[in-house]
Structure formats: structure tokens, C-alpha cells
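Visitor: Using the sequences and the hints given, assemble the complete structure.
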Amino acid sequence: MKQTHYLLLVLTTLFFSCSTRKKADLIVRNATVYTVDSAFSTAQAFALQDGKFLAVGSNTDIQKQYESDSVVDLGGKPVYPGFYDPHAHFMNLGQVLYQADLVGATSYDEVIQRLKEYHRQHPDAMWIIGRGWDQNDWPEKRFPTKVKLDAAFPNIPVALTRVDGHALLVNTKAMRLAQLTSGSRVAGGEVVLENGQPTGVLVDNAMQLVRRVIPQPDAADKERMLLAAQKACLAQGLTTVSDAGLNRPDIELIERLQKEGKLKIRDYVMISLGEPNLDYYLKRGPFQTDRLTVRSFKLYADGALGSRGACLRAPYSDRPDTQGFLLLSPKELERVLTLLADSKFQANTHCIGDSANHLILDLYGKLLQKQNDRRWRIEHAQVVTPDDFWKFNRYSVIPSVQPTHATSDMYWAADRLGSARVKGAYAFKDLMKQNGYITFGSDFPVEAVNPLYGFHAAVARVDEKGFPAGGFQMENAIDRTSALRAMTSWAAYANFEDHLRGSIQSGKQADFVVMEQDLMKVPNQQLRTAKVLQTWVGGERLF
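Under UniProt numbering, the residue at position 207 of the sequence shown is numbered 207, and the numbers go up by one with no gaps.
Just so you know, the hints here were simulated from the structure itself, not pulled from any lab data.
Every value quoted in this text rests on a predicted model; they were computed, and no experiment measured them.
Take these hints with a grain of salt, some might be off.
Said to hold, decoys possible - Computed list of lysine to aspartate or glutamate pairs in DMTMM-like fashion (alpha-carbon distance at most 25 Å, straight line):
{"id": "1", "residue 1": "LYS231", "residue 2": "GLU255"}
{"id": "2", "residue 1": "LYS64", "residue 2": "ASP25"}
{"id": "3", "residue 1": "LYS465", "residue 2": "ASP479"}
Guide: Next comes the structure, spelled out in C-alpha cells:
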């Protein structure tokens with residue numbers, strides 16, 4: 001009788017226990033969950049409901065409180081908040097996927113061979129468009145000229161963007177279509193001449209002289225490109241990407257595709273500078289949907305270090321006749337920043353050289369005056385004079401950096417800057433110390449899409465070959481906890497999205513990544529090859 005009574009009591013307890021458990025859409029259990037909350041706590045399980053994290057805790061706690069028809073047992077695999085890329089070119093990535101790929105070409109001759117193969121595969125193309133060449137990777141490190149392009153392609157226009165996006169190599173056919181001559185001039189750019197004649201290389205704003213005559217993809221083409229870019233990003237664990245500079249039609253296309261359910265990855269869009277965009281968006285104001293944030297303008301102060309368009313405070317060490325140049329005048333930069341200061345928009349300014357960084361930090365300081373929550377950003381913050389670092393803290397300026405730039409540029413950065421000045425370049429730890437945070441992007445397609453390349457570069461300060469032994473300027477290496485925050489919670493903060501995502505916490509959107517290896521534990525040399533197993537956005541598995 002006592003045994004029967006005891007059994008009934010147990011069954012009754014189990015019944016009421018089960019009946020009081022809340023229903024969840026999905027339960028993920030038996031995982032190593034890095035929540036990246038303020039305490040950087042870990043958990044074993046979480047429950048999802050309506051695309052959000054319902055609860056996060058131990059296997060026992062979640063099992064006691066929730067039930068679901070869908071339960072995923074991860075067998076101890078590590079889980080992280082969805083990876084962010086707060087500075088990239090998402091739409092541009094889609095376009096590049098349909099162009100000639102020149103990344104990694106070790107000589108100009110290899111570039112020509114790749115272009116011939118591309119032309120063979122696309123015989124009906126009206127233009128040959130490519131991207132990714134870098135003369136710094138070639139035996140002859142000078143800018144190329146159009147001579148070999150003209151010999152290989154005399155009758156079809158060719159336009160090849162340098163890897164950093166700040167120089168363009170074109171052939172004579174393209175120059176003729178653009179009516180470009182030795183007398184062509186443009187502020188904030190350079191038509192490179194040799195013996196008084198154009199070599200075919202155009203730097204920064206001068207690129208528009210040819211780009212304005214290149215046929216542009218239509219909306220259907222762009223949709224196909226965006227979906228291809230989405231596939232590439234999701235495969236690398238990215239759940240939120242960015243577009244560092246888009247015009248209104250492209251922003252509206254992305255918003256439409258998201259509403260139609262075709263584009264499911266989240267996008268943080270910076271509006272391209274220009275009077276039509278300023279006029280329209282300053283009146284409309286910032287806005288944020290479930291998958292789109294539009295509350296910043298992208299400005300360009302200068303160009304890139306690799307093409308010597310970065311604006312320096314002293315001449316280039318390897319070309320003393322130039323200090324680079326600004327792409328906009330100080331007066332114009334101040335005018336636009338004043339408009340943004342009077343609005344609710346964020347200002348995100350591309351600054352590579354120490355002169356550009358010095359100018360923009362001072363303009364930000366003049367307008368912001370003190371610490372604030374405007375979250376204005378300097379994109380790249382690549383070369384900073386030591387006596388300018390404190391301004392990031394004084395004016396609450398966010399350094400939005402790309403760690404792989406350091407390991408890509410380290411082979412020649414000291415040639416450009418000299419041994420003393422290069423110490424203020426790629427100084428991620430010094431920048432992080434100012435406000436206690438930093439954000440990591442990739443600038444893809446300038447660099448690879450994989451965010452783990454940036455994680456590895458920040459932590460180990462070496463490239464994929466493990467060069468250099470001991471790391472590049474290791475005094476500015478970042479610890480792994482900070483590196484993970486920089487591509488999750490801190491990046492979300494820099495995007496004004498920290499209340500929505502960036503950490504695995506109750507009430508936040510259920511964006512997360514399941515990995516094969518634990519980024520917090522594997523040896524440095526395994527970080528770049530760590531495998532993404534699953535990518536979830538809003539509680540939906542997309543990879």
C-alpha cells in the first residue's frame with residue numbers, strides 16, 4: 001500500500017511538473033554557450049520563442065521550465081552569438097562574385113592570364129570587370145600600366161579595381177569611352193601620368209572618371225548578387241553584415257528583399273554621402289526594422305595606404321614627394337558633420353592616414369565637445385599619432401577597425417610609414433584602452449569574408465602562413481575575450497543594435513552560431529580553420 005501511494009505521488013508530481021512547463025519553439029541543450037553578456041558567462045542550454053531567446057541556463061534549468069517538439073542536442077559543441085561584420089560592403093561583395101577574381105595574383109602576368117580565362121568564360125561581356133590586384137604582392141612593386149592590358153584586350157574595355165578599392169587600372173579602350181586624357185583632373189584623386197601621359201591607373205576620386213561610363217547592374221542583377229553574398233556570409237557564421245556606403249535605390253532594394261523574405265541576413269547600412277541622400281534621409285530620420293538599421297552616414301576623409309592615397313602628416317617614407325590627400329576639403333567635412341551633429345544620425349568617417357585621423361578627431365571634438373552616446377565612429381583608424389589616442393575617449397569615438405588589414409599590410413607598411421610612425425598603425429589594443437571597447441570588421445571584399453580571419457589576426461598578429469614568427473607588433477594584440485566581444489556585443493553597440501542582439505540573453509533576437517572548435521581554447525594556428533557548423537538568424541537555421 002505504501003509503495004502504491006509513493007508511486008502515485010511521484011506520478012502526480014511528474015504530471016504537474018510537466019503540465020506547468022512552458023512551451024518553446026526550440027530548445028538547444030548540451031552545448032557550451034558563450035553568452036557574451038556583461039559577465040562573459042557560459043551556459044549549457046537555451047529556449048527560443050518567436051525568434052528570440054526565451055531563457056538561457058543549465059540543461060536542468062531549461063528542461064524543468066520548458067518543453068518543445070524541437071530539441072537540438074549539440075553534444076557539447078560551442079555556441080556563440082551571431083557574428084557581426086560592422087564594416088563591410090555587402091552589396092559590393094555580391095557584385096565581386098560575378099567579376100574576375102584577381103585576389104592573390106602574384107604578378108601582373110598572372111592578372112592577364114586570369115582575365116583571359118574570365119573573358120573565355122564570358123565572351124559576350126561588354127566590359128571586363130575585375131577586382132583584387134595588389135602590386136605589393138608582385139616582384140615589381142610599382143603601379144602597373146595599361147600596356148599589357150592593351151596588348152591582351154585592344155577591343156574591349158577593361159576596368160580592374162585594386163584590392164583596397166581605392167585605385168583603378170583601365171586600358172586605352174576604357175579611357176577612350178570615358179574621354180579621359182592627360183588633362184583630366186579631379187579633386188581628391190589622381191590620374192597617374194608617365195612622360196605626361198595617363199598610365200591607366202586612377203586613384204580615389206579619379207576612378208569615377210571611368211566608372212561613370214561602365215554599365216551598371218539592374219535591380220534583377222543586384223537581387224541575384226545580394227542573394228549570392230548572403231549565402232557566402234551565412235556560411236561563415238555572419239548573421240549581421242554591413243554596407244559601408246549605399247545610395248537610396250540600393251537601400252530600398254535591400255529593404256524590399258527583406259520584406260519579401262528573400263534576404264534574411266541582417267544589414268547595417270551606412271548612407272553614402274551626397275546631397276540627394278542628405279536631403280532625403282535628414283528629413284526622414286534614422287529608422288530600424290527587424291533586419292535593417294539605417295542611422296548613419298559614411299564619409300571618406302582620405303584614401304588607402306597601399307595606393308598612397310592615405311593622408312599623412314609627413315611625407316611617405318618611400319615616396320617623399322607626396323603626403324597623400326584628402327578626398328573632401330576640411331571645410332566640406334565640417335559642413336557635413338555639422339549637419340549630422342544637428343540630426344540623430346551617426347557619423348562614420350573613413351580615416352587611414354594620421355593626418356585624416358587627426359583632422360576628423362578634432363572635428364568630432366569640436367561638434368561633440370565631451371563624452372556622449374552619439375556613437376560616432378572612425379572607420380579603420382589605421383594610422384594614429386600617439387598624441388591623438390586620448391581623443392577617442394574624450395569624445396566617445398568608436399574605433400571601427402579591420403584586424404586583417406594589419407596582417408595584409410605588414411609586409412610593406414613600414415616602407416610607407418617608416419619604423420617610428422608604423423608603431424602608431426594597427427594599434428588595436430591602444431585604441432581599445434581608450435573607451436574599453438573596439439569593433440572588428442573585415443571590409444570585405446577588400447579582405448576575406450570569414451570573420452575568424454580577423455579574430456586570428458587580432459589575437460595572434462600573424463597571417464595565414466604564420467608570419468612573422470612571434471607576431472607583428474604584439475604589444476597591440478587583443479585577448480580572445482575582447483576579440484569575441486568586438487565581433488558580437490561591442491559591434492552591436494557600435495550599430496545601435498545592442499538592445500536587440502549581440503549576446504545570448506533572454507529577450508534578444510535568437511542569432512547564434514554553432515562551431516566545431518572552441519575559439520576560446522584551440523591553439524592560435526587553428527583559429528583560421530575553425531569550422532562553422534550552423535548559422536541561425538531569428539531562430540531560423542539558415543546554414
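Visitor: Has the given pair, LYS231 with GLU255, been kept, meaning a C-alpha gap of at most 25 Å?
Guide: holds, 18 Å
Visitor: Compare the distance between the alpha carbons of LYS465 and ASP479 with 25 Å, and conclude whether the hinted pair is satisfied.
Guide: Distance ~21 Å between LYS465 and ASP479 Cα, so the pair holds.
Visitor: Would you mind confirming whether the straight-line C-alpha gap from LYS64 to ASP25 stays at or under 25 Å?
Guide: holds, 16 Å
The earlier numbered hints are all upheld by this structure, with none contradicted.
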